[in-house]
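Using the numbering used here, the first residue of the sequence shown is number -13, and each one after it goes up by one.
Simulated from the structure, these hints should not be mistaken for laboratory data.
Distance condition first, Cα-Cα at most 35 Å in a straight line; then the derived DSBU-like pairs of lysine-lysine:
id, residue 1, residue 2
1, Lys381, Lys518
2, Lys557, Lys408
3, Lys320, Lys335
4, Lys272, Lys217
5, Lys217, Lys231
6, Lys606, Lys475
7, Lys261, Lys216
8, Lys304, Lys594
9, Lys327, Lys534
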Amino acid sequence: MSKHRDISRPRRNGRKKDGNKEGRAGARSGRRFIDYPRRGRRGVRRWLPSWRLLLGVLTVCVGALAGLFAWVYVSVDIPDENAAAVQEANTYYWSDGSQMVSLGQVNRNIVRLSEVPESTRSAVIAAENESFYSDRGVSFKGILRAFASTAQGGETQGGSTITQQYVKNTYLSQEQTVTRKVKEFVISLKVDRTKSKDEVLQGYLNTSWFGRGAYGIEAAAQAYYGIPAKKLNPSQSAMLASLLKGAELYDPSTSAANHARAADRWKWILDRQVKAGLLDEEEREKYRTFPEPLKQSMSTSLGGQTGYLVDVANKYIKQRTMLTDQDLAHGGYKIYTTFDKNRLRQLTKAVEGVLARDIDPKKRPADEGVQVGAASVRPSDGAVLALYGGPDATKHFANNADTFGVPVGSAFKPFVLAAALKRGDAPDGYYGKDGTLLSASDDGPGPDDAHPTLSQALVTGGNATYTQLGRDVGLERVRDTAVGAGLLKGSMAQLEQTFPIGTSTPSAIRMAGAYGTFANGGMQNDPYSVTKLLKDGVSVGGFEDRAKARRAMDKGVADDVTEVLREAGAKGMEENGVRGTEELGPFAAGRTGDQDRLRSAWFVGYTKELSTAVTMFRTKPGEPQLLPMAEVGGEDSRRGNVFPARVWADYTRAARS
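Can you build the whole structure from these sequences, using the hints too?
Below is the structure:
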């Protein structure tokens, strides 16, 4: 047999090798990237994923989430602060430093953290975010809870850190969406890296909502306790911290249920501070009685006399600075005024008492449209202590204490007398039959009823004597004396025959200030109503540095006018049926006399401590001219002259008590 192989027959081994290749190729073609459902498994096991599959899916998801977070973190920047988050109110303060009113679209007064007591900070941290100083500014539980709630169709949940709440208040809106929550989360991480914890806490305390229209801890302290934040004690601080959970549910004055919730949370916050080491147990024991807040006032902020006070203060600010109404509207100013709340209460009570007792529009048509304006100034420096601008600044918009348009009548005559005394004339001078001004010491017939002395004519309201005296002294000199004493040149009437008997129309504030020049021995101070103006803690306008008093007339002239006015004041009080003026001490007063035919009544008087002007007149809506004062208060009232004197006496008596 041949040893050579027959090549026409296929080799067996070769066929086997090719077959293995085909098998492997077939196996490869049947393999899947994800073995699911699982091959080679039967029943339920076929549908159970392997651990490799689970691990792979988890890795992919984690990687995708990490990539998404990285993209969001890079793409979301810290935005600019919301305009509303930094908008403040203007706050006005009484002369004793207590708050009068806070005005603005947002009731907020930003304070530095150093102005907030440690106990207040601790109460807020214990209530809202105990780990504030150690965390990274975010709550993972909070963001997960937000996703879960939204996925279930509910509202986004809370549980945010102080940093997250600060970010929401300062940079974002209050909308309840997952998108806003994600932004809040990312921005909070960045804020925690770029701002100190104290900066964040300060921002949070100044932007948080406490109810009663109050944004920030300063406004809240005033709204609930009537004090600045720096005076809060630990108990009051815990009560205010409870409001951060929801002021509509925790303001204790709104309902019994709210009171119970607030009391429980107040107690819990104090106890939590002890547990967290933020409050000593000994200190905690001092506060076992719930700190009841003030009743919530629903009155209009500018109601009553407040609007008139704000009006006067704002006018003074604009006169002293370059600030405009728009500048003031931006807010953030702290305005310290001269207004004395006790004096204001006394003056308001005096005016309203006389109006209620003596003026009755329902009974007498002549009493319709009666208006009163009054102002009280401290002679020693010109501070405006009180004023009465009308019944209510939100209903009667014109400020009767600061209006120019009411003729001053015989109350102007003391300036004519002062001009004559400055020229060298004497109070006992009188006009002879030939019209010559004589002295009582001169040879002649002497004064009589037809020819009274200058002093007597002022007491009796003699218009003829003062008309002639003004002409002799010179109308320009009379005007300059009045302006030098403190009246505004723009309020002076035309220099004509009747000028010396009071055709000019100064305001009550200016009349009180000018009479204060007589009380101050001839030294004149311009009336002022603002002692300090602050913006971001910095003084604006230099209100602390007022002009010094200047000499308007010799002390002897001022004292002589005072002596004449003292007699005139006593006579005026007696004629007006005002008794008990002796208890007011020595006072001097100018009044509208019986000979006046003007449509107004005045009484301006002063003691050493107070110079007060009261005016009464009548108006009618749409009528530009003042209405007659005849028969106001009854036929015996002498055109209403009695009422300003009564207001002055009632106020001065109360102020001296």
